[in-house]
Every structure is written in structure tokens, then in C-alpha cells.
Amino acid sequence: MSDEATTDEEKGIFGGLFVNKHVEYIKSLDKRHDEIEYWMTEHLRISGIYWGLVALHLLGRENELDRDKIIKYVKSCQNTDGGFGGHTGHDSHLLYTMSAIQILVMYNVLDQINGDKIIAFVKSLQDESGEVSGDCWGEKDTRFAFISVAILSFFHAVDQFNMDGVIEYVRRSMNYDGGFGSQPGGESHSAQVYTCLAALAIAGRLDIVDRDRLSGWLAERQLKSGGLNGRPQKLEDACYSWWVLSSLKILGRVHWVDRQRLCAFILSAQDTEDGGIADRPGDIADVYHTCFGICGLSLAGFDKYPLDEIDPVYCMPVRIAERAGLRSWMNNVPKTWK
Amino acid sequence: MHGRRRQTTQEPTVDEREQNKQRVEKYCALNGLVMNNRAQKVFSKDALETTKRLLDLNTELHTVWNYRREIFTHLDDWQDEEKRQEMLETELAFLLEIIMKNIKSYWMWNHRIWALQSLPRPGWERELGLVAKLLSVDARNFHGWDYRRFVVKQLKKNVDVDGQLEVDAREFAFTTEQINKDCANHAAWHNRSKLFPAVLNMAKNEPERQGLFKKEFDMILNAIYTDPDDQNAWLYYDWLLGIQENGEEKRKLLRDKVATIRELLELEEDSKWPMIELVGALIALEQQNPGSVTSDEKKECLDILSRLKEVDTYHIGRYKDMSKTMSQQWGGIC
Numbered sequence: 001m002s003d004e005a006t007t008d009e010e011k012g013i014f015g016g017l018f019v020n021k022h023v024e025y026i027k028s029l030d031k032r033h034d035e036i037e038y039w040m041t042e043h044l045r046i047s048g049i050y051w052g053l054v055a056l057h058l059l060g061r062e063n064e065l066d067r068d069k070i071i072k073y074v075k076s077c078q079n080t081d082g083g084f085g086g087h088t089g090h091d092s093h094l095l096y097t098m099s100a101i102q103i104l105v106m107y108n109v110l111d112q113i114n115g116d117k118i119i120a121f122v123k124s125l126q127d128e129s130g131e132v133s134g135d136c137w138g139e140k141d142t143r144f145a146f147i148s149v150a151i152l153s154f155f156h157a158v159d160q161f162n163m164d165g166v167i168e169y170v171r172r173s174m175n176y177d178g179g180f181g182s183q184p185g186g187e188s189h190s191a192q193v194y195t196c197l198a199a200l201a202i203a204g205r206l207d208i209v210d211r212d213r214l215s216g217w218l219a220e221r222q223l224k225s226g227g228l229n230g231r232p233q234k235l236e237d238a239c240y241s242w243w244v245l246s247s248l249k250i251l252g253r254v255h256w257v258d259r260q261r262l263c264a265f266i267l268s269a270q271d272t273e274d275g276g277i278a279d280r281p282g283d284i285a286d287v288y289h290t291c292f293g294i295c296g297l298s299l300a301g302f303d304k305y306p307l308d309e310i311d312p313v314y315c316m317p318v319r320i321a322e323r324a325g326l327r328s329w330m331n332n333v334p335k336t337w338k
Numbered sequence: 001m002h003g004r005r006r007q008t009t010q011e012p013t014v015d016e017r018e019q020n021k022q023r024v025e026k027y028c029a030l031n032g033l034v035m036n037n038r039a040q041k042v043f044s045k046d047a048l049e050t051t052k053r054l055l056d057l058n059t060e061l062h063t064v065w066n067y068r069r070e071i072f073t074h075l076d077d078w079q080d081e082e083k084r085q086e087m088l089e090t091e092l093a094f095l096l097e098i099i100m101k102n103i104k105s106y107w108m109w110n111h112r113i114w115a116l117q118s119l120p121r122p123g124w125e126r127e128l129g130l131v132a133k134l135l136s137v138d139a140r141n142f143h144g145w146d147y148r149r150f151v152v153k154q155l156k157k158n159v160d161v162d163g164q165l166e167v168d169a170r171e172f173a174f175t176t177e178q179i180n181k182d183c184a185n186h187a188a189w190h191n192r193s194k195l196f197p198a199v200l201n202m203a204k205n206e207p208e209r210q211g212l213f214k215k216e217f218d219m220i221l222n223a224i225y226t227d228p229d230d231q232n233a234w235l236y237y238d239w240l241l242g243i244q245e246n247g248e249e250k251r252k253l254l255r256d257k258v259a260t261i262r263e264l265l266e267l268e269e270d271s272k273w274p275m276i277e278l279v280g281a282l283i284a285l286e287q288q289n290p291g292s293v294t295s296d297e298k299k300e301c302l303d304i305l306s307r308l309k310e311v312d313t314y315h316i317g318r319y320k321d322m323s324k325t326m327s328q329q330w331g332g333i334c
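One line per chain: the protein sequences are A and P, in this order.
Here the UniProt record's numbering is used: position 223 in the first sequence is 223, and no number is missing along the way.
Here the UniProt record's numbering is used: position 205 in the second sequence is 205, and no number is missing along the way.
Simulated from the structure, these hints should not be mistaken for lab results.
Note that CB positions come from ideal geometry on N, CA and C, so glycine has one too.
Be a bit skeptical, because a hint or two may be false.
Claimed, not checked - Pairwise CB distance ranges, derived in the manner of DEER restraints:
#, chain 1, residue 1, chain 2, residue 2, range
1, P, 244, A, 272, 52 to 62 angstroms
2, P, 53, A, 31, 26 to 36 angstroms
3, A, 123, P, 123, 35 to 45 angstroms
I would like the entire structure built from these sequences, with the hints used as guidance.
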């Protein structure tokens, strides 16, 4: 077949989404040993794998990575305290423990690791007031409230945690715009909003949210370009397609933004030569923005390619969340929100 | 990777390739050395120096920051107060240097907090000055504001109740200053909402209280007239009305708001935020005192929502939902 006869679809381009290029980009990430970025990002490799794997799942191409090699690698990142580091030999942190477990859940091999040790690790990071640290050094953040609750829910062990304390911690971090900060007193930020809503969803306490006010604030994150920002007066960024839209999805208000314009913005941030999605058009792509850009397309209902549906609480495909018994948060959504 | 521009694809020259190769080799060798020291539990001054060299290249290595802290606490000098003070002062200077290079690194801020909390004589006032300087470069910086609140918390720990009020008053004045510079500063308005209740508590009598509220409303009006379509002052306005006790005074304030918005809309009839806020104020009034909103005003609200769908096509879904709810609640007139 001559080049001229090749259609977009044969090249793996669907409605402007460069599917094949993104798959090739993600697959190439583990081979870029001659690039300094490869080594400089080693400390969060496990999160990089998670982002790549989510993107591939949504594109229906998850089998393109070496499953056994990844599982073995993930296991090598677990430390004696039960937590995981971002790479073999690195210290445990909730951020990387979350990525590790999400990968294992997606590969359906959570039973191959010692869950009790992980549960103990997570429980060790909550203080008596309910606040949660990211590691033994004590940085507190509502992101860690979500991660701790999510990890425990993977093991169906939330009842072993001081949930009232966590909920109170999240509630105290709520602001007059309906959003949430990184801690009590902290300014609202849409990524923080996602983590707090997701924590409340799992805890079954979404009722404490000012739904209308927060939905309005989140909807206003959309800018002229169609892209979303994290706070007022900030630039749009493809990753907020996930943080804002997942929040709106939990609130039942995805239709409060212009989904078509958002999709157009995400597509405009693609690297159509080498694959991957960047924060904004013309910038260098990375796996983080590739993942959250594609997640955004899925939530926004992009229909030119059969993207898998994403769970807005766990950030993994709905079919996997269902298999892992993680969809019960939906029963906790207030009836009037549906 | 935020905000790094893509270059047009050009094959690197032989020289560039060689340079890159050396850079990778150098970095990997240093990283290998540090991680190996860590594994061997080496807690020497030499090891400390290598972590510094590595962190200077890559601030994101939280394991290396952890290791650095471990080395510090294992050194003999750590036990000597004067020597510890000196070491940590040097550490703070190093941190300042690299924070300026990458302000967004969580790990560095954590390390700075650790260093200050480990200092025999921490200089919290100096930290406050430092944050002010940082915020003068980037007035919205998330880490800067979070750190500022942390420093303020420490300052308040060391003083009595009057001293604490003084700190709050000073912080409140700082937000005034920031808002006067840029009335769209979301971070400053936010912080103001956290501080105003404390400032209000300082009022000695009712007239003083009313005076404080009056000042806030003036500030809001100033911001709203400067840019009616900036959401920050509106958010603060809503919040300030929300903390009023229900009653005649609150209804009057809501009516004042309605009047202000009508004035704004006379100047610019398709201004989105004033339109949204007019609807919001009337809904609040009706909730406060059912029947106080006339049927003409209710019709006006629905008209505004229809117009908003044309003025702001990004949020049609929201305006449709609002119209639907309003029609249900105010059924008769619609």
C-alpha cells in the first residue's frame, strides 16, 4: 500500500488521537538510557510505570509492556517496613506505595505480596488526631489522607483505621470556595480537591461537601483554550484534565465544563511526532501528562476511539476496579447527586 | 515536566552527544556512590558532602534528603549545640540557593522545616522575611504560602495570647498589601478569610466590629470595580455575607449587593460574574426570607441564566442545571 493510500486509522490516529504514537512512546520510556532525564527520574520510576500502564489500559494496549518483568521490579521496591520506594533501594513513601499497589491490582497479583505489612506501614503514618504523613519523616498532607484510605481499601481494611480522624482532617482542610487545601488553612487546589473528594467517597462522607459551590469553582477552572488550570489565574495544563474532571465526575457534574473544547485542548498538547502528551501545546511530553491527558479524554467522553472507562476515585480502569471489588464507593454518593 | 518547550528535532552533533554521555556517566557515578554509602550506613562528613553534590544536581531525591538528615544526626558535631547551630545555618543557606532554582520541590521545603526545628536557636522571624521576599517574586506560590503559614504557627507558639493576636493582625495586613498589589491574588484572599475571624475578635465593641466589616466591603467593592470578572473578590464577598448572623442586617447587606451588581451591569450588561452573583444573591435572599424576592426578580434570574448560556458558552451545562433547579423551587412564576 502506498503512503498516500494510508488512512489515519491505519496509522493508529483516531479523531486526532495519536494512539500508536502514544503506545510506542510509553514503550520507549524504559529504553532511553542515554538520556539524563531517564536517570534523573529514577526515584519515581514506579509511578512512571503506573502512569504508563493506566494510559495503555485506557488505550486497550496494556499487553504491550512486559508484565512479569514489571511485577518482579515492583516487588523489588518493597522495603522491610512494608512500604515501597520509588525505585529499588529507595526509601518507603506513601506516594510510591500507592503506585506499586495500583500496578499490582491492575495485574491482578495483589495476593503475591504481604498485605499485613503494608497495612501496618500505612497505619504507622497516622497520628492520634487523624492526620496522615507521607513517610516516617512526618510531612503531612491531605494527599496522604486519600492514599492511606485508598491503600487500606485495596485490602478491604479501612475499618482498621481511624476513619473519623481522617474525615475530620479533610473537613478542616475545606475552604470558602468549597475546595480543599493541602492541610487545614491551605489554599484550594484542584489536585488536592480530587484527593479529598476521593478520600471522602471511600469513607462514605461526601455529604460534608458543598456540592454546588465546589462544582462551580471547579467548572471555572476551564480557560479560553478549553484546558483546565489548578487554581484561579494559573495556566491551563493537561494534567488538570484529570484532577478537575475526576472531581466533577464524583460530584456528578462533568457536564459543567465544555467537554469538546477540553478534548481539543488535550489533543493539541500531543507530540504528534514522537508520541506522548505535554502540559501545554509545544512543550516536551512526559508520561505523567500522557496518562492524565488520556484519563481526561476518557472522562470527557472522547468518542473517536474506544477509550476504556476510568474510575474517578482510584484512577484505574472501571473494569479493574470492579474486579478488585472497589466500586462500592458509588453506593456512598448522596442520592440527590445522581 | 512542566513548561519545557519542545525543540525542533535536530540530530545532536558528535560533541553534544559526547557531552551528554559524560553528563549521564557523571551523574550515575555520583548517584551510585551515594546510594552505596547509604546501603553501607556510612555517616561521615565526606558522605555528607557527596549527598550535597548530588542534591545540587537533582533536588527530587527524597531518599538522599533522608540520608542527609541521618548523617547529620550521627555526626559528633551534632551533639555540640554551637556546632549544630553552625552546621544547620550553613544547611539553610544551601537550601535557599537551591530553593530559588526549583521552588516547587516538596522535599526541600520538608528538609528546611526539619533544619529549623533542629536548630538550637531557630530564626523564625528571619524565615518570615525570606518568604516575603520569595512571594514578592512569585506572589501566588503554593509552597511559599504554605511555608508562611507554617512559620506563623511557630511564631505564635512562642508568644502569649496578645502576641498571637499581634501576629494575626500583621498577617492580615500582609494580605491587604498583597491584594492592593494585585486584587486577583487568590492565595491572599484565601488567607484573609482564615485571618479575618481573629481580627474581628479583637474588636472591643460593636461599632468597631461594624467598622471592620465596612472596611472589608470597601475593599471588595474596589476589587469588583477594578475587574468585575475576577472571581476572587466575589468568593470573599459571598463568604463574608455567609458569616453574618441571619436577620434584618444580613438581608440589608444582600440587598446592597444586589444594588451594587445592578450598577455594574448598567456599565457592562454582559459581564458574566455580576450576572452569576446577582442570581446567587437573590437565591440567598429568598432562602433567608421566603417571599422577599419579587416575581419580577425571579423572572429576571431565569432571563439572566438564559443570557449566560450565550455569554459564557463553556458552562452551558451549569446554567441549565441552575435554571432547572430554580424552576422547580420557584415553580409558580416560571
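Do the hints match the structure? See the list:
1. P/244 to A/272: 52 to 62 angstroms: With a Cβ separation near 54 angstroms, residue 244 of chain P and residue 272 of chain A satisfy 52 to 62 angstroms, so the hint holds.
2. P/53 to A/31: 26 to 36 angstroms: Holds, since residue 53 of chain P and residue 31 of chain A (Cβ atoms, about 28 angstroms apart) stay within the stated range.
3. A/123 to P/123: 35 to 45 angstroms: For residue 123 of chain P against residue 123 of chain A, whose Cβ atoms are near 37 angstroms apart, the range 35 to 45 angstroms holds.
Checked against the numbered hints given earlier, the structure satisfies every one of them.
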